[in-house]
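**Q** Here's the letter readout for the chains.
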Amino acid sequence: MRRSRPITWEEVKVGVLLIVALAALATGIFLIGDTGNVFGDRYQLVTLMRSAAGLVPGAAVQVAGQPVGQVSRIAFIDPEGRPATGEGVAVWLAVNREVRDQIRTDSRARIRTQGLLGDRIIDIEPGSPEAAILQPGDTLIAAEVLGYAELLNEASDAVVSLTQLVRSVEELTRDLLSGEGTLGQLIVNRTLYDQLVELGDELSQFLSSVNTGEGALGRMIKDEELYDRLLGTVTSLDSVTARLARGEGTFGRLLASDSLYESLADMASRSDSLVAGLRAGEGSIGQLLVDEGLYEELLRMVVELNNILADLRADPEKYVPPIKVF
Amino acid sequence: MTIPAVIELRDVRLAYGAHVVLNGITFSVHRSETLCVLGGSGVGKSTILKLILCLEQMDSGSVTVLGHNLCSAGRSEIFKIRQRMGMVFQGSALFDSLPIFDNVAFALFEHTGLPLETIRERVREALAFVDLDFERVGEMLPSELSGGMKKRVAIARAIVHQPEILLFDEPTSGLDPITTRKIDTLIVKLRQELGVSSIVVTHDTQSACRIANRVALLQAGDIIFMGTPQQMLAADDPYIREFLE
Amino acid sequence: MPASDLSPLHLLNRALKSAAYRVQKYFDLLGRVLVSSVSRPFYGRDLTQQMDTIGVGSLGIVALTGLFTGMVLALQSAVEMRQFGATIYIGRLVGASAVRELGPVLTALMVTGRAGSGMAAQLGAMRITEQIDALETLGVDPVRKLVAPRFLAALIMLPMLTVVTDVIAVIGGLLIAVVKLDLTATLYMRSVYQALADTGFIFRFIPIDLVQGLLKPLVFGGIMALTSCYYGMNARGGTEGVGRAATHAVVTSSILILTTDYLLTQLLIALLVE
Chain A
1 MRRSRPITWE
11 EVKVGVLLIV
21 ALAALATGIF
31 LIGDTGNVFG
41 DRYQLVTLMR
51 SAAGLVPGAA
61 VQVAGQPVGQ
71 VSRIAFIDPE
81 GRPATGEGVA
91 VWLAVNREVR
101 DQIRTDSRAR
111 IRTQGLLGDR
121 IIDIEPGSPE
131 AAILQPGDTL
141 IAAEVLGYAE
151 LLNEASDAVV
161 SLTQLVRSVE
171 ELTRDLLSGE
181 GTLGQLIVNR
191 TLYDQLVELG
201 DELSQFLSSV
211 NTGEGALGRM
221 IKDEELYDRL
231 LGTVTSLDSV
241 TARLARGEGT
251 FGRLLASDSL
261 YESLADMASR
271 SDSLVAGLRA
281 GEGSIGQLLV
291 DEGLYEELLR
301 MVVELNNILA
311 DLRADPEKYV
321 PPIKVF
Chain B
1 MTIPAVIELR
11 DVRLAYGAHV
21 VLNGITFSVH
31 RSETLCVLGG
41 SGVGKSTILK
51 LILCLEQMDS
61 GSVTVLGHNL
71 CSAGRSEIFK
81 IRQRMGMVFQ
91 GSALFDSLPI
101 FDNVAFALFE
111 HTGLPLETIR
121 ERVREALAFV
131 DLDFERVGEM
141 LPSELSGGMK
151 KRVAIARAIV
161 HQPEILLFDE
171 PTSGLDPITT
181 RKIDTLIVKL
191 RQELGVSSIV
201 VTHDTQSACR
211 IANRVALLQA
221 GDIIFMGTPQ
231 QMLAADDPYI
241 REFLE
Chain C
1 MPASDLSPLH
11 LLNRALKSAA
21 YRVQKYFDLL
31 GRVLVSSVSR
41 PFYGRDLTQQ
51 MDTIGVGSLG
61 IVALTGLFTG
71 MVLALQSAVE
81 MRQFGATIYI
91 GRLVGASAVR
101 ELGPVLTALM
111 VTGRAGSGMA
121 AQLGAMRITE
131 QIDALETLGV
141 DPVRKLVAPR
151 FLAALIMLPM
161 LTVVTDVIAV
171 IGGLLIAVVK
181 LDLTATLYMR
191 SVYQALADTG
201 FIFRFIPIDL
211 VQGLLKPLVF
221 GGIMALTSCY
231 YGMNARGGTE
241 GVGRAATHAV
251 VTSSILILTT
261 DYLLTQLLIA
271 LLVE
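Chains as they are written, first to last, in this note's numbering: chain A, 1 to 326; chain B, 1 to 245; chain C, 1 to 274.
If we strip away everything but chain A, and leave its shape as in the complex, we get (with noise of 0.2 Å):
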């Protein structure tokens, strides 16, 4: 119709639904982005694997477990061009440039599954300072992990082993419940139990005797009298001791009295003065002692008898007469 008219109430009505829906959709569109991490730029890293593990593509990049980035792309690798290493899967990576000088050359990238859903994310360590900032397209080294089928296979030997063990224990069992060897005897037979059982019987049967007093020991443990004449000795060893020490008696004197110890200082003093006279040579001692004469007359003794030995030992008879034996 081309009539002029001015904007209806409904032109508005639709306008404003219109303007608030977009804008809540923008929102929308900006809040996931952000929380998807699609916004800022981005930088492509290839890393190779042996197996990517479930991982698709979108599935979140983290460094050091940071959100920075999302899996871009994933394809096989050709069998002819496949590294010697194996690595059988290329992923792309698309990184958000603000954290490029995080990965470095010693970088390394590693599946890892995150949350109670088990989804599968890369997260990469970051690299060290000395090492070079990775750049664009270049190949991010994957992290040795141990696959699903590694794991299986380590699992298997130690199942192996486990069963192994299992089995010998069972074995052991079965030779004890059989009764071989000392320690099936000691399970499988009675006799010991007997035994003790007899011993226990007999003991406690020997205890109950103690008990009532019985015997001397049990006269020792029930009779109060030896108790009441420890007592009584051990009274009578304090009176003594208590005399003692008043310094009663020929012990408590010898404890309590200076006198012993004065005559002994005594005598002491006076053995030294023995001493030094012997040493000059005073009295018979002292020349003993002190006199050279007596020394060289002993030497001279010494000296001949010696000579008397040595010729009776080189010639015998001639100071024994001949004994003739036959």
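In short, the hints are calculated from the structure, not lab data.
Since we're looking at a predicted model, the values are computed, not measured.
Cβ coordinates follow ideal geometry from the N, Cα and C atoms, glycine included.
Check the hints yourself; a few may be wrong.
Claimed, not checked - Once the Cα atoms are required to be at most 20 Å apart in a straight line, the calculated EDC-like pairs of lysine to aspartate or glutamate come out as:
#, chain 1, residue 1, chain 2, residue 2
1, C, Lys-145, B, Glu-110
2, B, Lys-150, B, Asp-176
3, C, Lys-17, B, Asp-59
4, C, Lys-180, C, Glu-80
5, C, Lys-145, B, Asp-102
6, B, Lys-189, B, Glu-125
7, C, Lys-145, B, Glu-77
8, B, Lys-189, B, Asp-133
9, A, Lys-13, C, Asp-46
10, B, Lys-150, B, Glu-139
11, C, Lys-145, B, Asp-96
12, B, Lys-150, B, Asp-131
13, B, Lys-80, C, Asp-141
14, B, Lys-189, B, Asp-59
Unchecked claim - Simulated restraints on C-beta separations:
#, chain 1, residue 1, chain 2, residue 2, range
15, C, Phe-68, A, Pro-83, 56 to 62 Å
16, A, Asn-153, C, Asp-182, 28 to 34 Å
17, A, Thr-8, C, Glu-80, 46 to 52 Å
Stated by the list, open to error - Short derived list, chain C residues pointing at chain B, Cβ under 10 Å:
#, residue
18, Asp-52
19, Gly-139
20, Asp-182
We have chain A; now place chains B and C onto it with these hints.
**A** For chains B and C alone, coordinates are given in the frame of chain A:
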């Protein structure tokens, strides 16, 4: 006949399943002529109008309107031909959601691109022609008008774009005798003053006699009589007599 | 009617033929609507009017649907998730199910009930009172004037209404998460975004979930408008026929929406997610 027919139907047949509505109808309407199609209820009178407007498809035969064969015409050609025709429906068929002014001005807004003032003037004239006051009814909604007024608004809407052909479907049904007369006068006035050709479908014999140049009587899908009202009144065919009584 | 006309085979044949005829008419209408939508003349005012009726008019019902759907989703999933101590995933569940599935489908069904029945009834009434014939007579294509604006309005407004439903559903879930489950709003919202981010993006930043969450209502809107207009335009048999047209419009639209939802989900998953 030297004057070419404005509308020409030739051996038109139409059936809904086993029910035959039109069984080979042939007639033509000339310039400035009013043809009344008479008949009982449900004999396919309205269907003829719908065929002429191409609102329904016939099974066989041909309809020529203003020199165009509607059977071979494309959709856009049909729309062009329709703009040269006006139709007054049995129930007026005014657009309930639009005020009277917009109802009447509808075709002008759609097809002419005239300035609003001119359109208002044309609508005022059309309403005046059917004895309605533009200032009073212009902003009213169809639901606020009486049946007779609705019919007149419908006529105003049909004539506002100055068509060459007018088609009326039961223009006087359900109206009181005075209003009926007014409408009849209008139809005659349209022919005399504007020179339009018209087909009026009605079951009201008196009204037909007042307005028609020629009358066609339809029964069971066949035209059983075609002639002037005088001829019809004088006819001694038992069915015509029964119908006239 | 001859006796042979009542044989089962004959009846089946007739039923199939009439079904095929209706399908053909339906697609014929679609073709005409599409042509009318892209060529002149263009009824802009009717378009805004329909956008008002379908869009603004359905806001209330759609908001309520969203609110309660979100709240119920959060409550129901909380029962399950509590067992695993995974209530922080409630945002994920509410977000993903609302945006991918429930938002589009429930919005489409509610709008069908409200606007689709109205469309069918209005066009049906216009058909019965010959207003549609009158339009044709006045040289106006009723498909262009009546059906195309409704079709386009539904196409535009259903995705917009779905956005509203989604947002309100997420807010409904948030209410339950914060008030009844003692989650923080930040944690819940983060979980919602995460769910939608996890499916991935196309064109680097458009979340796939939002794409499928908005493509669906676009298609549903088209189905709803076209089906409702089809029944309205072909209404017959007086006021009773108008009522029948409205009922058929709602039932058929709903069934078509649910069926298409399945097919569309399959298609979109195949195209976008994998």
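**Q** For each hint given before, does the structure comply? Return the numbers of the non-compliant ones in rising order.
**A** Violated hints: 14, 16, 18 and 20; rest satisfied.
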